[in-house]
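The task is to assemble the complex, starting from two chains supplied on their own in separate frames and drawing on the hints.
First to last, the sequence lines map onto chains A and B. Mapping the first sequence onto our numbering, position 93 (from 1) lands on 96, and the numbers just tick up by one. Mapping the second sequence onto our numbering, position 136 (from 1) lands on 495, and the numbers just tick up by one.
Rather than coming from a laboratory, the hints here were simulated on the basis of the structure. In this text, all values refer to a predicted model and were calculated from it rather than measured experimentally. Glycine is no exception: its CB is placed at the ideal position from the N, C-alpha and C atoms. Some clues are possibly wrong.
Cβ-Cβ distance ranges computed for the label pairs, FRET-style [stated by the list, open to error]:
hint, chain 1, residue 1, chain 2, residue 2, range
1, A, Q95, B, T503, 47 to 55 angstroms
2, A, L70, B, I612, 36 to 44 angstroms
3, B, L476, A, R85, 28 to 36 angstroms
4, A, L70, B, P604, 28 to 36 angstroms
5, A, R85, B, G378, 27 to 35 angstroms
6, B, D563, A, A62, 52 to 60 angstroms
7, B, S562, A, R81, 57 to 65 angstroms
8, A, G105, B, S474, 19 to 27 angstroms
9, B, R600, A, G105, 23 to 31 angstroms
10, A, A62, B, I612, 37 to 45 angstroms
11, B, T503, A, Q114, 26 to 34 angstroms
12, A, A63, B, G583, 50 to 58 angstroms
Simulated coverage check for chain A against chain B, where a stretch passes if three residues somewhere in it have a Cβ under 8 angstroms from a Cβ of chain B [what the hints assert, rightly or not]:
hint, stretch
13, 36-42
14, 45-57
15, 68-78
16, 115-125
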Amino acid sequence: MTVVSTYSPPASVARYLSPQERLAVTVRMHPSVLIPPLILGIGGVFAAIAVTPVAGDDAALELAIWLFAALLVAQLGRAVLRWMSEYIVITQFRVFRCSGAGITSSSPLKQVDDVRVTRSVAGRLLGFGTLIFDSAHLAIDNVPYPAQVYLEIYELIHPQAEEF
Amino acid sequence: MLRRIQRSSTLALILSPVGVLLLAATRVLIVADYNVTTALAILSSSGYINTLVGSVIPLVPILMPYVGLALLYLNRVPAALLAFAAALLISPATLSGASALSLVKHDWGLMTGGSGLRQAVLIILASLLSGLLLIEIAGFQVATVIRTIGTVGIIASLPLIVRLYPVPVSNSFYTNVLSQPWLPAETITLTSHQAVTGYVLESDQDWFEVLLAQDRTVVHYHTGDVASRTLCQTASTESKRPLIPLVPAVSQIPACPQPPPPGGAPVPAVGGLDTRIFGVPAVRIPPGLPPKESGPASAGSGG
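Just chain B, with the same shape it has in the complex (with noise of 0.2 angstroms):
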């Protein structure tokens, strides 16, 4: 065959700017509980580089063993390494490291055992791939080889990845890592002793604008309504821990307090203007105009 360099646009067009950005306006959606205004709102308060990093970062640990299956196909062996040595390191996975040796083991029994008549068959593929593998390694290239040995691994390999890191639209521990914001839970206390958890977007001398956990809607809180505020743990990002840890798992996060039961707290409904919520002033953001031109008097008087 002649010769010539291959160039894969694929990978790059998911590593330009195009692609990040369609992750990210992905992310945010998702974390605006598909609201294009909540979307909007927290992409105009985070600021576009913020909401860009923020957004894409957390899905990196979460997708990274599938880019390397990705990335194993697509012939770039090196990069296919680097991309699982790296999952290993930081991917949440639902076992420890014992725990995975020993499903490994029980697959390796699941995979010889089986009738008769399929092990003869599996001994028959293996042999004739035996022989092919042997003429490949003697007269192609050194890529080739690994390239097939790569691609066959991919389906060896694919049950225990996907046990080990679940599908994310199947498995509702990523579901809810990719549904969390990227900013930081915190426990606001307000002047009248009543808590909200929620994701500060934005904050000066005068307002806080925080995305509620519970509904993911934008209220404003007047500083001088706020009490506290402290860091705290939603149930839903609690990480798991990766295969190898480098790190202890200590956290001294406190978990954030669980949203009362509906109706038992005075949440605003969805659409109202000027509502108070746990008894202070606040703001819903109104489909269509700028959070930070009305306070709540001008957005009540425009409700």
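Next up, chain A with everything else stripped away, as it sits in the complex (with noise of 0.2 angstroms):
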């Protein structure tokens, strides 16, 4: 998990961002997104190591099987690619998550009136949870420290309540 300094946000990120926007929040995906692609990775090469010699002298099927736990590892490699060109931005105005390939989702923060964050098992041993924001019908899950970020939008959501 990284937090990107707000004072100088990602390149892909900064090109989105008017310049009377102010950066509450930049993160990346927590890394536990890439939990189920590594598994298929590992999954399909522990398979094919396996199941190799059932194969015998079929070269085809041998064939057919590397290629298909390559494939499972380049979703992989995909999937790392992803994550590293990709982040959940919160500024005063929005909600968005942006990569690469531009804004993916966006949410306008005026149709948030509130928001809740849910943390699974596994989301509490290592550190991810899920951000909800029912009246915008979003949800946005594996968010890095999730409680630090709830609290980011919820001032920004009830700026009154700083005054208290």
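In structure tokens, the structure reads:
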């Protein structure tokens, strides 16, 4: 998990910010998002090693097995690259997710009345959670430092809370 | 990650009329021995709907195991399980249920054997995999866990599936099944006491239109020259049983007579217009001419 400095947002984020927007949070997804593709990659190699003797002399079958395993490993590589280039960004105006491909999802904060945070067992163990914006029908999984991010958003939604 | 509904356009394309049409056209061409004229003759005789349905239905049991694998990869787990269940019941398997179990036991022995280094690598990977899987079970949605297990299961089950249900392109049984028309084979006995094996594409009070089994050409017989018709079963369509057969294998259909050796029968040459097949006037469909518009006499005069 990487918390990016709010004073020097990455170029892929900065290009989508208007001059009057103030960054509240800019974070990558929690690395736990890589667990499913990691299991697929490792599982693919494991299964390929395990069943290769079964293929026997069938070279085409052996090739198919290893090609499929390679496909799963390639998916892992793609997931890592995507994770490295993808950010969750929250400003005083909106919450959006952006990557090298552009802004993939966005919702204005004025639509958000309240925010909830939930943490699964693995989330509590590994340090990630899910932010749920009920009024905007939006949920963000695998958010690192969920409590801190929640407080940041809460203060943006309810600025009067800071006055007390 | 921001959640959103995902749709599979790939699956929709395969199941769409376009996908079904492509499958049907491919099979008609195979049945017609890659002859476009013969394929068009089959199509015009059998009707489009019959050709479409008849072409696709026989492919279903053959391709069902692989459809199951594809659905599993596309994260359609319930549909994949249904496809595998259907494959157990309808797809012709190369082995019986007991033999398949023996094969699984044999394969397990091969998988757990091997050198010490290989076993050590497998144990390390299995430990890593188990730990990560536990985290996934604890922290992710059930669908994600099922997809993970299903995708890895594709690789694990691929050798078994390929041997139980061989890939059509590399197995003579399946290529024979694919090349057989969807119509029943018939032994047509002519008044000259000679018999031909073919598939009756269309018949009326005057003519029979028959796709010959031997060389996949379309011929016309006058009804007066046909003494009898009997359903028969070609050697390649003697179907293998599914892994779980629900019906006992009792077939009363007699085997089709073997085709005569080359040169042993007066089978007309390809492209002949007015010829005699086994002593009976027959018309081979000439390229570019509609089959029903010309009788033997007119075709003969045309040739």
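Within 47 to 55 angstroms or not, the Cβ separation of Q95/A and T503/B? Once the Cβ atoms are compared, 34 angstroms apart, the range 47 to 55 angstroms for T503/B and Q95/A is violated.
Is the gap between the beta carbons of A62/A and I612/B within 37 to 45 angstroms? holds, 39 angstroms
Just to be sure I understand the hint, the distance between the Cβ atoms of L70/A and P604/B should be within 28 to 36 angstroms; is that true here? holds, 34 angstroms
Outcome of range test on Cβ distance (D563/B, A62/A; 52 to 60 angstroms): Because 53 angstroms falls inside the window, the suggested range holds.
Determine whether the Cβ-Cβ distance between R600/B and G105/A falls within the hinted range of 23 to 31 angstroms. Between R600/B and G105/A, where Cβ atoms are some 55 angstroms apart, the hint is violated.
Assuming the hint says 28 to 36 angstroms, is it satisfied by the Cβ distance from L476/B to R85/A or not? This hint holds: roughly 34 angstroms between Cβ atoms.
Is the distance from the Cβ of G105/A to the Cβ of S474/B consistent with 19 to 27 angstroms? Since G105/A and S474/B have Cβ atoms about 50 angstroms apart, the given range 19 to 27 angstroms is violated.
Is 50 to 58 angstroms respected by the C-beta to C-beta distance linking A63/A and G583/B? holds, 53 angstroms
At the C-beta level, are T503/B and Q114/A separated by a distance inside 26 to 34 angstroms? holds, 28 angstroms
So is the stretch 68-78 of chain A in contact with chain B by the C-beta rule, three or more residues under 8 angstroms, or is the coverage claim wrong? holds (count 4)
Please count how many residues of the stretch 45-57 of chain A have a CB within 8 angstroms of a CB from chain B and say whether that reaches 3. As far as the stretch 45-57 of chain A goes, the hint holds, because 12 residues have Cβ atoms under 8 angstroms from chain B.
Look at the Cβ atoms of L70/A and I612/B and judge whether their distance stays inside 36 to 44 angstroms. holds, 42 angstroms
Going down the numbered hints, you'll see the structure goes against 1, 8 and 9, while the others check out.
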